[in-house]
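Under this note's numbering, the sequence shown has 351 at position 162, and the numbering climbs by one with no breaks.
Hints were generated in silico from the structure; no laboratory data involved. In this text, a Cβ means the ideal position worked out from N, Cα and C, and glycines have one as well. One thing to keep in mind: the hints can contain errors.
[What the hints assert, rightly or not] If you anchor each label on the Cβ, the simulated ranges turn out as follows: (1) Arg353 - Glu303: 22 to 28 Å; (2) Val325 - Trp273: 30 to 36 Å; (3) Glu390 - Leu296: 22 to 28 Å; (4) Glu269 - Asp226: 39 to 45 Å; (5) Leu296 - Glu208: 38 to 44 Å; (6) Glu199 - Ala364: 43 to 49 Å; (7) Ala233 - Ala387: 28 to 34 Å; (8) Ala248 - Thr424: 22 to 28 Å; (9) Ala233 - Arg373: 53 to 59 Å; (10) Arg281 - Ala233: 16 to 22 Å.
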Amino acid sequence: MARIGIIGSEGRMGRAIAEAIVAAGETPAGGIDRGGDATPLAEAADILIDFSSPGALEANLDAAIAAGKPIVVGTTGLEERHHWLIDSAAERIPVLQTGNTSLGVTLLAHLVREAASRLGDDWDIEIVETHHRMKVDAPSGTALLLGEAAAGGRQVRLADNAVRGRDGITGAREAGTIGFAALRGGSVAGDHSVLFLADNERISLSHLAENRGIFARGAVKAAQWLLGKEPGRYTMPEVLGL
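Construct the entire structure; sequences and hints are all you get.
Here it is as structure tokens:
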């Protein structure tokens, strides 16, 4: 039985992960929340799952490195500096970072990449996401993950082709761009749709999350898969063998 430590244990995701750990037959190693020191937790656990905040990521990675323990990073809202920190940590420990731990979303991203690789620039790509009113970042980490999948299928950089928050007189849509729209309200756990639109036809690939349990189960499955791996940076598609 693996001892799994939770960083961000008092949040909604943290509580769901605690339940998923037990349901998966593993052992909770404890948890910490905002302002807590991850070092004792890392020493007590076999692996860490981090769903805290971007500001805490560096200290959490340092604790995992010091203890020589793998870590699953599901924190969203990461910027370029955070990815640099993850790359650096992955030279010493196994790190799996993802914008969404749902196995269904992981498969959706695979399908989006496949579709984007086979459809030309005459197919416009738009990503629409809906989350609960308390979510603080937009677009969601999942929407960006899907955007990266679409850009990867087209062999372009998302940063060079993303269009966010249209407002006012924007002009005609530029071919090859990938649009994002973020909706917020109610208690929606997370709905994502990727639309491929051409003249006279369109394709919609969607995933609807009914509760946070799916993300918790995926995070625990990722942790189980990551145990015993060599240092490196890993992804959710690898967990599914994609």
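Flag every earlier hint the structure violates by its number, smallest first. Hint check: 2, 4, 5, 7 and 9 fail, others pass.
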